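Trainee: The opening residue of the sequence shown carries number 8 in the numbering used here; numbering runs sequentially from there.
These are computed hints drawn from the structure, not numbers from a lab.
The structure presented is a predicted model; accordingly, all values stated were derived computationally and were not measured.
One should not assume that every hint holds.
Calculated cross-link-like contacts (lysine-lysine; reagent style BS3-like; alpha-carbon spacing at most 30 Å) [unchecked claim]:
no.: 1; residue 1: 135; residue 2: 350
no.: 2; residue 1: 217; residue 2: 231
no.: 3; residue 1: 341; residue 2: 189
no.: 4; residue 1: 70; residue 2: 35
no.: 5; residue 1: 61; residue 2: 217
no.: 6; residue 1: 307; residue 2: 217
no.: 7; residue 1: 93; residue 2: 348
no.: 8; residue 1: 291; residue 2: 93
no.: 9; residue 1: 70; residue 2: 341
no.: 10; residue 1: 9; residue 2: 350
no.: 11; residue 1: 231; residue 2: 201
no.: 12; residue 1: 350; residue 2: 189
no.: 13; residue 1: 341; residue 2: 223
no.: 14; residue 1: 307; residue 2: 350
no.: 15; residue 1: 254; residue 2: 57
no.: 16; residue 1: 348; residue 2: 35
no.: 17; residue 1: 61; residue 2: 93
no.: 18; residue 1: 350; residue 2: 35
no.: 19; residue 1: 348; residue 2: 128
no.: 20; residue 1: 57; residue 2: 189
no.: 21; residue 1: 35; residue 2: 62
no.: 22; residue 1: 189; residue 2: 223
no.: 23; residue 1: 135; residue 2: 189
no.: 24; residue 1: 35; residue 2: 61
no.: 25; residue 1: 61; residue 2: 350
no.: 26; residue 1: 350; residue 2: 62
no.: 27; residue 1: 285; residue 2: 231
no.: 28; residue 1: 291; residue 2: 231
no.: 29; residue 1: 341; residue 2: 35
What follows is a list of derived Cβ distance ranges for each label pair [claimed, not checked]:
no.: 30; residue 1: 310; residue 2: 121; range: 33 to 41 Å
no.: 31; residue 1: 340; residue 2: 169; range: 17 to 25 Å
no.: 32; residue 1: 67; residue 2: 224; range: 36 to 44 Å
no.: 33; residue 1: 313; residue 2: 137; range: 48 to 56 Å
no.: 34; residue 1: 310; residue 2: 15; range: 17 to 25 Å
Note that CB positions come from ideal geometry on N, CA and C, so glycine has one too.
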Amino acid sequence: QKGRENLDQFIEQGVLQLDEEANYYVYKQIMGTHEQVGLVAVASVDAYEKNLIKKHEFTRPDKEDDRVRHMESLNAQVGPVFLTYKSVDAVNELIEQTMETESEYDFEADFNTRHVFWVVKDRNMVTKIDTAFDEVNHLYVADGHHRSAAAQRIKRLCQGRNPNHTGEESYNFFLVVLFPDKQVQILDYNRVVKIESNILPTRLLNDIGKYFDVFKVESATMAKPSIPRCFGLYLNNCWYQLTVNNKLRAQIDEYNPTESLDVSIMQNTVFEPLLGIKNQRTDKRVDFVGGIRGLEELEKRVNSGEWQAAVAFYPTSVESLMAIADADEVMPPKSTWFEPKLKSGLVVHMLD
Numbered sequence: 008q009k010g011r012e013n014l015d016q017f018i019e020q021g022v023l024q025l026d027e028e029a030n031y032y033v034y035k036q037i038m039g040t041h042e043q044v045g046l047v048a049v050a051s052v053d054a055y056e057k058n059l060i061k062k063h064e065f066t067r068p069d070k071e072d073d074r075v076r077h078m079e080s081l082n083a084q085v086g087p088v089f090l091t092y093k094s095v096d097a098v099n100e101l102i103e104q105t106m107e108t109e110s111e112y113d114f115e116a117d118f119n120t121r122h123v124f125w126v127v128k129d130r131n132m133v134t135k136i137d138t139a140f141d142e143v144n145h146l147y148v149a150d151g152h153h154r155s156a157a158a159q160r161i162k163r164l165c166q167g168r169n170p171n172h173t174g175e176e177s178y179n180f181f182l183v184v185l186f187p188d189k190q191v192q193i194l195d196y197n198r199v200v201k202i203e204s205n206i207l208p209t210r211l212l213n214d215i216g217k218y219f220d221v222f223k224v225e226s227a228t229m230a231k232p233s234i235p236r237c238f239g240l241y242l243n244n245c246w247y248q249l250t251v252n253n254k255l256r257a258q259i260d261e262y263n264p265t266e267s268l269d270v271s272i273m274q275n276t277v278f279e280p281l282l283g284i285k286n287q288r289t290d291k292r293v294d295f296v297g298g299i300r301g302l303e304e305l306e307k308r309v310n311s312g313e314w315q316a317a318v319a320f321y322p323t324s325v326e327s328l329m330a331i332a333d334a335d336e337v338m339p340p341k342s343t344w345f346e347p348k349l350k351s352g353l354v355v356h357m358l359d
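Start from the sequences and build out the full structure, keeping to the hints where you can.
Mentor: So this is what it looks like as C-alpha cells:
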C-alpha cells in the first residue's frame, strides 16, 4: 500500500510523467569501463507463453506471489525484466542514430552507475525499430524470471476479470529492457562452503587431484580463473588454481549445454561426491557470493571461521545461457551474475 502511495505521489508531483504516445527509450548504462545500451519497451505475455521469450531458470512460487502482490497493489510494473537477444546490425544502427541526438535524462545513481536515456518520439524511427526487430527470432530472459512469471499471472488474472478482453490491454504486456548479447556483462558467481570436520584438507586436495591439475599459488589474483574449466580454491589459508585434467575432460559431454557448464562440473566432481552437497539451492552448507565483491570477500568469509573453503568460477557466457534456453533446459542455481543491474522505478509500465 505504501508503494502505491509513493507511486501516486510521484505522478502527482510530476516526478514520473506519462508519455502521450507509445515511445521506445534507448537506455545506456555506464559502470566503470563497461557500457551497455539497450531498448526500453514492453514485451508481449503471449510471446512469453509461446516460448518466443526463452527462460533458463526455475522460479519459486513464494517469490512469484510477492511480485504479483506488488504489481496488483501498484497497478503497475516498476521493475523491468532484463532480456537479451542475438545482436542485429539493423537494430544497432538505429540505436546509434538515436544516441547522436541529445539525451533526455543523464544522471548517476547507486554503485557508481551512470544512466542515460533517449526518448524515441519520432514515429518514423519507432516504425524502423519495429521492422528491424523482425530479424530477432527469440528473446532470452537474462535476469528477471520471477518478474516475467508474475507478469504472466497478472495477465491471466486481469483477463479473467475483464469480460471485454481484447488482448491489447496494458496488462497483456510487461516492462523489459532489451540488450544485444555482445554488450551483456556476466560476472563470476562464486561459492563459500562448510566442510565436515572429518574431511581433512590434505585428503580433500588429494581427491580433487583425481579430476583437476592442482597448483598452489601465492594470491587470490593468481587464483582467479581467466579461462573456462579453470577454478580458484581457497582452503586452509591457501589459494589453489584448479584446471580440469585430461581424464575429466574426456568425460565431459560437450554437446550437453547444462552438464558442460563449469558450475555443473564442480558440482558433479567436488560438491556432491566429496562434500555431500546434493542441492546447492537448498543446502545450508553453501552460500553464493557475487563476483562484484571480488575474491577478497571469499577470503574474508572463510577467514571468519564460519566457512571452511571458497570456490571461484570463470563467468558463464551469454552463449551458454542461450544454448541452455534453446534446449529448454534449466541452469544450475546461481550460475550468472549480471552487472550493472537494472534499477526499479526509472521507467514504469501502468497496467490500465
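Trainee: Confirm or reject each hint.
Mentor: Against the structure, the hints come out as follows:
Between residue 135 and residue 350 the CA atoms are separated by roughly 28 Å; this keeps the pair inside 30 Å, and the hint holds. For a cut-off of 30 Å, the pair hint linking residue 217 to residue 231 stands: about 21 Å separates their Cα positions. Restraint check for residue 341 and residue 189: satisfied, since their Cα atoms lie roughly 21 Å apart, inside the 30 Å limit. For the hint linking residue 70 to residue 35, the alpha-carbon distance of about 29 Å falls within 30 Å, and the restraint holds.
Proposed proximity of residue 61 and residue 217 is contradicted: the alpha carbons are some 37 Å apart, above 30 Å. The hinted pair formed by residue 307 and residue 217 meets the criterion: a straight-line CA distance of about 28 Å does not exceed 30 Å. Using a Cα cut-off of 30 Å, the hinted pair residue 93 and residue 348 holds, with the two alpha carbons roughly 20 Å apart. Under the criterion of a C-alpha separation no larger than 30 Å, the hint pairing residue 291 with residue 93 is inconsistent with the structure, at around 37 Å.
Taken as a hint, the residue 70 and residue 341 pair is honoured in the structure, with Cα atoms around 16 Å apart against an allowance of 30 Å. The hinted pair formed by residue 9 and residue 350 meets the criterion: a straight-line CA distance of about 19 Å does not exceed 30 Å. Proximity of residue 231 to residue 201 is assessed by CA-CA distance (about 21 Å); at most 30 Å being required, the pair is judged to hold. Using a Cα cut-off of 30 Å, the hinted pair residue 350 and residue 189 holds, with the two alpha carbons roughly 21 Å apart.
About 27 Å separates the Cα atoms of residue 341 and residue 223, which keeps this hinted pair within 30 Å; it holds. This hinted pair checks out: residue 307 and residue 350 have alpha carbons roughly 28 Å apart, not beyond 30 Å. A distance of roughly 42 Å separates the Cα atoms of residue 254 and residue 57; the hinted pair therefore is violated under the 30 Å criterion. Under the criterion of a C-alpha separation no larger than 30 Å, the hint pairing residue 348 with residue 35 is consistent with the structure, at around 12 Å.
A C-alpha spacing of about 13 Å is found between residue 61 and residue 93, which places the hinted pair at or below 30 Å, so the restraint holds. For the proposed pair residue 350 and residue 35, the alpha carbon gap of about 12 Å is at most 30 Å, so the pair holds. In summary, the hint linking residue 348 to residue 128 is supported, as the alpha carbons are separated by about 26 Å, within the 30 Å threshold. Taking the CA atoms of residue 57 and residue 189, the gap is about 25 Å. The hint holds against a cut of 30 Å.
In summary, the hint linking residue 35 to residue 62 is supported, as the alpha carbons are separated by about 24 Å, within the 30 Å threshold. At roughly 34 Å between alpha-carbon atoms, residue 189 and residue 223 are farther apart than 30 Å, so this suggested pair is violated. This hinted pair checks out: residue 135 and residue 189 have alpha carbons roughly 22 Å apart, not beyond 30 Å. About 24 Å separates the Cα atoms of residue 35 and residue 61, which keeps this hinted pair within 30 Å; it holds.
Taken as a hint, the residue 61 and residue 350 pair is honoured in the structure, with Cα atoms around 22 Å apart against an allowance of 30 Å. A hinted pair counts as satisfied when its Cα atoms are at most 30 Å apart, and residue 350 with residue 62 qualifies at roughly 21 Å. For the hint linking residue 285 to residue 231, the alpha-carbon distance of about 25 Å falls within 30 Å, and the restraint holds. Of the supplied pair hints, the one linking residue 291 and residue 231 holds, its CA atoms being roughly 25 Å apart against a limit of 30 Å.
Straight-line distance between C-alpha atoms of residue 341 and residue 35 comes to about 26 Å, which keeps the hinted pair within the 30 Å bound. For the pair residue 310 and residue 121, the beta carbons lie near 35 Å from each other, so the given range of 33 to 41 Å is met. Checked against the hint of 17 to 25 Å, the pair residue 340 and residue 169 fails, with Cβ atoms roughly 37 Å apart. For the pair residue 67 and residue 224, the supplied restraint of 36 to 44 Å holds, since their beta-carbon distance comes to about 38 Å.
Taking the beta carbon of each, residue 313 and residue 137 are about 53 Å apart, inside 48 to 56 Å as hinted. Separation of residue 310 from residue 15 is about 48 Å and departs from the stated range, judged on CB atoms against 17 to 25 Å.
Consistency note: the structure conflicts with the earlier hints numbered 5, 8, 15, 22, 31, 34.
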